[in-house]
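> Each residue of the sequence shown is one higher than the one before, counting from 1 in my numbering.
Keep in mind that the hints are not guaranteed to be accurate.
Taking CB as the label site, the calculated pair distances span [stated by the list, open to error]:
1. Arg126 / Gln14: 29 to 35 Å
2. Val33 / Leu138: 35 to 41 Å
3. Phe146 / Ser81: 43 to 49 Å
4. Pro26 / Thr82: 22 to 28 Å
5. Arg126 / Glu25: 16 to 22 Å
6. Glu13 / Ala56: 17 to 23 Å
7. Arg117 / Gly8: 33 to 39 Å
8. Pro130 / Ala56: 16 to 22 Å
9. Lys9 / Pro40: 48 to 54 Å
10. Ser79 / Lys9: 33 to 39 Å
11. Ser31 / Glu142: 29 to 35 Å
12. Gly8 / Asp97: 47 to 53 Å
13. Ala56 / Leu15: 16 to 22 Å
In silico lysine to any residue, SDA-like type, Cα no more than 25 Å apart, as pairs [as the list claims (entries may be wrong)]:
14. Lys159 / Ala148
15. Lys159 / Gln77
16. Lys9 / Trp153
17. Lys9 / Asn104
18. Lys159 / Pro38
19. Lys159 / Gly49
20. Lys159 / Pro140
21. Lys159 / Ala44
22. Lys159 / Pro59
23. Lys159 / Pro40
24. Lys159 / Ala73
25. Lys159 / Leu20
26. Lys159 / Leu76
27. Lys159 / Arg42
28. Lys159 / Glu13
29. Lys159 / Pro52
30. Lys159 / Thr10
31. Lys159 / Thr139
32. Lys159 / Cys19
33. Lys159 / Asp97
34. Lys159 / Ser94
35. Lys159 / Val78
36. Lys159 / Asn91
37. Lys159 / Val128
38. Lys9 / Leu150
39. Lys9 / Gly149
40. Lys159 / Glu46
Just so you know, the hints here were simulated from the structure itself, not pulled from any lab data. Ideal Cβ positions, reconstructed from N, Cα and C, are used throughout, including at glycine.
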Amino acid sequence: MTRSGNTGKTTPEQLEVACLVPLLEPFFRGSVVRDLMPDPLRDAMETHGLTPRHGAVLPQLLAGQPLVVGEIARRLQVSLSTASELVGALNRASIVDRTEDPANRRRVLVTLSEEYRPSLETFVVRRVAPLLRALEGLTPEERAGFLAGLTAWVGEVQK
Numbered sequence: 001m002t003r004s005g006n007t008g009k010t011t012p013e014q015l016e017v018a019c020l021v022p023l024l025e026p027f028f029r030g031s032v033v034r035d036l037m038p039d040p041l042r043d044a045m046e047t048h049g050l051t052p053r054h055g056a057v058l059p060q061l062l063a064g065q066p067l068v069v070g071e072i073a074r075r076l077q078v079s080l081s082t083a084s085e086l087v088g089a090l091n092r093a094s095i096v097d098r099t100e101d102p103a104n105r106r107r108v109l110v111t112l113s114e115e116y117r118p119s120l121e122t123f124v125v126r127r128v129a130p131l132l133r134a135l136e137g138l139t140p141e142e143r144a145g146f147l148a149g150l151t152a153w154v155g156e157v158q159k
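Build out the structure end to end from the sequences listed, making use of the hints.
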């Protein structure tokens with residue numbers, strides 16, 4: 001199989017997968033996402049004119065460990081200047097904090113503001129609720145297989 005996943009002839013299994021992926025599109029619609037946001041986060045995003053692109057930075061910071069702007073750029077597959085602009089706007093809205101890396105003064109560490117952490121945690125759980133419900137109906141082996149497949153897909157997308 002080639003990197004594109006096509007050997008020249010589409011198999012029924014490939015077609016089945018290809019037809020399922022577009023059905024996820026409503027999950028990513030702005031109006032759906034907006035309605036799931038807790039008021040403090042939605043208000044901050046709207047007040048400061050922040051877009052879904054800005055919002056894409058936030059889940060990256062939820063784990064709690066600071067990230068450098070370059071890592072955010074890599075994860076979101078955007079340029080370093082774009083990631084820097086996104087982080088700058090989020091910082092001006094006080095949703096993220098930027099600090100100098102004590103180990104390397106040229107690097108900026110980005111963390112989620114503690115004020116917005118509860119709202120973002122609530123939002124992320126609301127966002128993935130359909131996935132969590134679907135996983136509940138699977139056996140442990142099926143869940144493990146699904147997670148392995150999803151992880152592999154993320155890896156391919158991020159190449």
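> Take the hints in turn and mark each one as holding or not.
Each hint tested on the structure:
A hinted range of 29 to 35 Å holds for the C-beta pair Arg126 and Gln14, which are about 32 Å apart. At roughly 25 Å, the beta carbons of Val33 and Leu138 sit outside the given window of 35 to 41 Å. Checked against the given bound of 43 to 49 Å, the beta carbons of Phe146 and Ser81, roughly 36 Å apart, lie outside it. The given range of 22 to 28 Å is respected by Pro26 and Thr82, whose C-beta atoms sit roughly 26 Å from each other.
Roughly 18 Å separates the CB atoms of Arg126 and Glu25, a value that falls within the hinted 16 to 22 Å. With their beta carbons about 31 Å apart, Glu13 and Ala56 fall outside the hinted range of 17 to 23 Å. One distance hint, 33 to 39 Å for the beta-carbon pair Arg117 and Gly8, is violated here, with the actual separation near 49 Å. For the pair Pro130 and Ala56, the beta carbons lie near 19 Å from each other, so the given range of 16 to 22 Å is met.
With their beta carbons about 52 Å apart, Lys9 and Pro40 fall inside the hinted range of 48 to 54 Å. Under the hint 33 to 39 Å, the C-beta atoms of Ser79 and Lys9, about 37 Å apart, fit the expected range. Range check, Ser31 to Glu142: about 32 Å between beta-carbon atoms, so the 29 to 35 Å window is met. Evaluation of the 47 to 53 Å hint for Gly8 and Asp97 yields a pass: the beta carbon distance comes to about 51 Å.
Range check, Ala56 to Leu15: about 30 Å between beta-carbon atoms, so the 16 to 22 Å window is missed. Under the criterion of a C-alpha separation no larger than 25 Å, the hint pairing Lys159 with Ala148 is consistent with the structure, at around 17 Å. At most 25 Å may separate the alpha-carbon atoms for a hinted pair to count; Lys159 and Gln77 meet this at roughly 9 Å. Under the criterion of a C-alpha separation no larger than 25 Å, the hint pairing Lys9 with Trp153 is consistent with the structure, at around 21 Å.
Distance hint between Lys9 and Asn104 is unfulfilled; the C-alpha atoms sit about 51 Å from each other, more than 25 Å. About 33 Å separates the Cα atoms of Lys159 and Pro38, which puts this hinted pair outside 25 Å; it is violated. With a CA separation close to 31 Å, the supplied pair Lys159 and Gly49 exceeds the 25 Å bound. The suggested pairing of Lys159 with Pro140 is violated, with an alpha-carbon distance near 29 Å, which exceeds 25 Å.
Restraint check: the Cα-Cα separation between Lys159 and Ala44 comes to about 33 Å, which exceeds 25 Å; the hinted pair is violated. Between Lys159 and Pro59 the alpha-carbon distance is near 20 Å, which keeps this suggested pair within the 25 Å criterion. Proximity of Lys159 to Pro40 is assessed by CA-CA distance (about 35 Å); at most 25 Å being required, the pair is judged violated. Taking the CA atoms of Lys159 and Ala73, the gap is about 13 Å. The hint holds against a cut of 25 Å.
With a CA separation close to 22 Å, the supplied pair Lys159 and Leu20 stays within the 25 Å bound. Among the hinted pairs, Lys159 with Leu76 is consistent with the structure: their alpha-carbon atoms are about 11 Å apart, no more than 25 Å. In summary, the hint linking Lys159 to Arg42 is not supported, as the alpha carbons are separated by about 32 Å, beyond the 25 Å threshold. Restraint check for Lys159 and Glu13: the C-alpha separation of about 23 Å stays at or below 25 Å, so the hint holds.
Using a Cα cut-off of 25 Å, the hinted pair Lys159 and Pro52 holds, with the two alpha carbons roughly 22 Å apart. This hinted pair checks out: Lys159 and Thr10 have alpha carbons roughly 23 Å apart, not beyond 25 Å. Distance restraint check for Lys159 and Thr139: the Cα-Cα separation of roughly 30 Å exceeds the 25 Å cut-off, and the hinted pair is therefore not satisfied. A hinted pair counts as satisfied when its Cα atoms are at most 25 Å apart, and Lys159 with Cys19 qualifies at roughly 23 Å.
Straight-line distance between C-alpha atoms of Lys159 and Asp97 comes to about 28 Å, which puts the hinted pair past the 25 Å bound. Between Lys159 and Ser94 the CA atoms are separated by roughly 32 Å; this puts the pair beyond 25 Å, and the hint is violated. Taken as a hint, the Lys159 and Val78 pair is honoured in the structure, with Cα atoms around 13 Å apart against an allowance of 25 Å. With a CA separation close to 28 Å, the supplied pair Lys159 and Asn91 exceeds the 25 Å bound.
A threshold of 25 Å between alpha carbons decides the hint, and for Lys159 with Val128 the separation of about 24 Å falls inside it, so the pair holds. Distance check on the hinted pair: Lys9 and Leu150 sit about 24 Å apart at the alpha-carbon level, within 25 Å; holds. Annotation: proposed proximity of Lys9 to Gly149 holds, straight-line Cα distance about 22 Å (limit 25 Å). About 32 Å separates the Cα atoms of Lys159 and Glu46, which puts this hinted pair outside 25 Å; it is violated.
The earlier numbered hints that this structure contradicts are 2, 3, 6, 7, 13, 17, 18, 19, 20, 21, 23, 27, 31, 33, 34, 36 and 40.
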